[in-house]
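Colleague: Protein chains in written order, with this note's numbering: chain U, 52 to 350; chain R, 52 to 350.
Because the hints were derived from the structure by calculation, they are not lab data. Heads up, a few of these hints could be off.
As the list makes no split between identical chains, a pair holds if one copy fits it or if it spans any two.
With a Cα cut of at most 27 Å, we get these calculated DSSO-like pairs of lysine-lysine [as the list claims (entries may be wrong)]:
(1) K66 with K285
(2) K346 with K328
(3) K326 with K229
(4) K83 with K326
(5) K255 with K120
(6) K119 with K143
(7) K308 with K229
(8) K142 with K93
(9) K55 with K100
(10) K309 with K230
(11) K325 with K100
(12) K244 with K309
(13) K229 with K96
(14) K315 with K60
(15) K309 with K66
(16) K143 with K315
(17) K83 with K309
The residues making up each chain are set out below.
Number of protein chains: 2
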Amino acid sequence: MKCKICKEKAIIKLKRHNIKLCKEHFNDFFLKQVDRAIKEYKMFKKEDKIMVCVSGGKDSLVLWYVLKKLGYNSVGMYINLGISEYSENSKKKVIEFAKRFDLQYKIVDLVELGYPIPKVAKESRRAECSVCGIIKRYYFNKVAFDEGFDVVATGHNLDDEASRLLGNILHWNEEYLKKQLPVLPAEGNMLKKKVKPLIRLTEKEIASYAFLNRIDYIIDECPLSEGATSLVYKDALNLIEENIVGTKQFFYFQYVKKLLKEIKQSQSEKRYLKKCKICGMESFHDICSFCRLVKDEKQ
Amino acid sequence: MKCKICKEKAIIKLKRHNIKLCKEHFNDFFLKQVDRAIKEYKMFKKEDKIMVCVSGGKDSLVLWYVLKKLGYNSVGMYINLGISEYSENSKKKVIEFAKRFDLQYKIVDLVELGYPIPKVAKESRRAECSVCGIIKRYYFNKVAFDEGFDVVATGHNLDDEASRLLGNILHWNEEYLKKQLPVLPAEGNMLKKKVKPLIRLTEKEIASYAFLNRIDYIIDECPLSEGATSLVYKDALNLIEENIVGTKQFFYFQYVKKLLKEIKQSQSEKRYLKKCKICGMESFHDICSFCRLVKDEKQ
Ligand SMILES: [Zn+2]
Ligand SMILES: [Zn+2]
Ligand SMILES: [Zn+2]
Ligand SMILES: [Zn+2]
Numbered sequence: 052m053k054c055k056i057c058k059e060k061a062i063i064k065l066k067r068h069n070i071k072l073c074k075e076h077f078n079d080f081f082l083k084q085v086d087r088a089i090k091e092y093k094m095f096k097k098e099d100k101i102m103v104c105v106s107g108g109k110d111s112l113v114l115w116y117v118l119k120k121l122g123y124n125s126v127g128m129y130i131n132l133g134i135s136e137y138s139e140n141s142k143k144k145v146i147e148f149a150k151r152f153d154l155q156y157k158i159v160d161l162v163e164l165g166y167p168i169p170k171v172a173k174e175s176r177r178a179e180c181s182v183c184g185i186i187k188r189y190y191f192n193k194v195a196f197d198e199g200f201d202v203v204a205t206g207h208n209l210d211d212e213a214s215r216l217l218g219n220i221l222h223w224n225e226e227y228l229k230k231q232l233p234v235l236p237a238e239g240n241m242l243k244k245k246v247k248p249l250i251r252l253t254e255k256e257i258a259s260y261a262f263l264n265r266i267d268y269i270i271d272e273c274p275l276s277e278g279a280t281s282l283v284y285k286d287a288l289n290l291i292e293e294n295i296v297g298t299k300q301f302f303y304f305q306y307v308k309k310l311l312k313e314i315k316q317s318q319s320e321k322r323y324l325k326k327c328k329i330c331g332m333e334s335f336h337d338i339c340s341f342c343r344l345v346k347d348e349k350q
Numbered sequence: 052m053k054c055k056i057c058k059e060k061a062i063i064k065l066k067r068h069n070i071k072l073c074k075e076h077f078n079d080f081f082l083k084q085v086d087r088a089i090k091e092y093k094m095f096k097k098e099d100k101i102m103v104c105v106s107g108g109k110d111s112l113v114l115w116y117v118l119k120k121l122g123y124n125s126v127g128m129y130i131n132l133g134i135s136e137y138s139e140n141s142k143k144k145v146i147e148f149a150k151r152f153d154l155q156y157k158i159v160d161l162v163e164l165g166y167p168i169p170k171v172a173k174e175s176r177r178a179e180c181s182v183c184g185i186i187k188r189y190y191f192n193k194v195a196f197d198e199g200f201d202v203v204a205t206g207h208n209l210d211d212e213a214s215r216l217l218g219n220i221l222h223w224n225e226e227y228l229k230k231q232l233p234v235l236p237a238e239g240n241m242l243k244k245k246v247k248p249l250i251r252l253t254e255k256e257i258a259s260y261a262f263l264n265r266i267d268y269i270i271d272e273c274p275l276s277e278g279a280t281s282l283v284y285k286d287a288l289n290l291i292e293e294n295i296v297g298t299k300q301f302f303y304f305q306y307v308k309k310l311l312k313e314i315k316q317s318q319s320e321k322r323y324l325k326k327c328k329i330c331g332m333e334s335f336h337d338i339c340s341f342c343r344l345v346k347d348e349k350q
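Construct all of the structure, not just a fragment, from the sequences and the given hints.
Modeller: So this is what it looks like as structure tokens:
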């Protein structure tokens, strides 16, 4: 197996691109895919201040690493979810990583704030993953606004997004379908732009990149994670991809293309943001989801 | 395991309906599902003359059998594709079946007509399955028109249609997506209405029904069949269905609902049929696909 570019020994085969690459050229390929996503979807520019949401897992750490390599100005934002050992270990990975690569970071500690996920889930009698989603989104938005970031970047990859798209299509979740894009524009004055620079890369490619570049990440999944459902869609898509190479990629990006076209055509309808009556953050409701969740207020 | 209705010994478990049934009540259930599909999508009425496309496989023979049970007036239409032993065996099954249940049938013999699939495929240098599709569609349409049928019924089941829908979505085949319905209306004066009365039933349910009612069908798949692709989508959907019961059914029927709504909204745009310059059948082209295929005419 020889590298398509230099003819040296290849270490990876990328079926969907029909190429084999050596370590050096795989690294090049990887950076190019991120660069291409950033430019194609106009995610951010060199002068933008980027907040990278880091969990300690492979996707977010690789993203943080690559953005530095590409010369972008990013700060990692870690939320301590208060999920016992898992949170302690992932926090440690994030701090070690930041020190090793001389990266800036910020920590929001839900335990100190009084909102550790298991406690809020119990008190609000809601599923932990749904609570976790609301709280994370809230603090990512809040910190991005408070600290004047231009854009919020997350480590979602092609498998994440294609499988989520498949799940949303199989259940025709129209509301979610409208939001499945690599870039979500800023809304109002407080909700910053959200971007997914790893969108052109698969889980396997990201894991290979992390391995080759000795990025030390937390391998455990969150112990509270439902996971099962999204894994089923991933498995189903991978089964199809193995037999019909290129399907995953075509499926997702063609969808994005169609959706962007539709959105352009219907730019007229706009939603209006209000300010949360309790905390003042912008929201589409009088009281934001976070405050409804934790302040025990009935709307 | 007890039948939900009579509490006798159940012989089948229908996960997606969350019921177990004995033989008698499964048979009832099966007929009700067909009846419901016929009425829900206004497929045909008691006085209509129905042409059932029969291949000798389980789906088409079960459909033929059930339509008789439900008191509809149907004639089986078998096309001898000229695919060696497979065609001989399937023809035998169809004739035996018709005799046993006292059903009328018609045979179109592509060998006699000079268009056996392997020959046409070779001469037109096209894939056998694509040639077979064109020729079958042509003769089903032609016979239905020539003999004054009101409607053409095929044995497509929920697995066939849901997996085809999945494949068409994964590749965003917009043209095919617009036509994935349990009923396709008649077009022009020659192209009759097409219906799929088994649409509410899965492959497994149909196989169980055939087994319980001793319907003797040809088990072999067509030896020329590509098959692989559609099987991959079926496997992927079954993998999801096993984990998230009800997905297949919701996915397909919700799609149909959305599509029917869209069609209603855009009834204005209509396509116009012409008559084929060679054979006189209605077609959207000057020369129909069949004639372009076999008459060696370049358009
Ligand atoms: Zn190389
Ligand atoms: Zn609030
Ligand atoms: Zn019973
Ligand atoms: Zn013609």
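Colleague: Give a verdict on every hint.
Modeller: These are the hints, each one checked on the structure:
| no. | hint | verdict |
| --- | --- | --- |
| 1 | K66 with K285 | both (17 Å within a copy, 23 Å between copies) |
| 2 | K346 with K328 | within (12 Å within a copy, 75 Å between copies) |
| 3 | K326 with K229 | within (23 Å within a copy, 43 Å between copies) |
| 4 | K83 with K326 | neither (40 Å within a copy, 54 Å between copies) |
| 5 | K255 with K120 | within (20 Å within a copy, 54 Å between copies) |
| 6 | K119 with K143 | within (20 Å within a copy, 71 Å between copies) |
| 7 | K308 with K229 | both (12 Å within a copy, 19 Å between copies) |
| 8 | K142 with K93 | neither (31 Å within a copy, 61 Å between copies) |
| 9 | K55 with K100 | neither (36 Å within a copy, 63 Å between copies) |
| 10 | K309 with K230 | both (13 Å within a copy, 19 Å between copies) |
| 11 | K325 with K100 | within (25 Å within a copy, 62 Å between copies) |
| 12 | K244 with K309 | within (21 Å within a copy, 31 Å between copies) |
| 13 | K229 with K96 | within (25 Å within a copy, 41 Å between copies) |
| 14 | K315 with K60 | neither (46 Å within a copy, 59 Å between copies) |
| 15 | K309 with K66 | within (25 Å within a copy, 36 Å between copies) |
| 16 | K143 with K315 | neither (44 Å within a copy, 58 Å between copies) |
| 17 | K83 with K309 | within (24 Å within a copy, 40 Å between copies) |
When the structure is compared with the earlier hints, violations turn up for hints 4, 8, 9, 14 and 16 and for no others.
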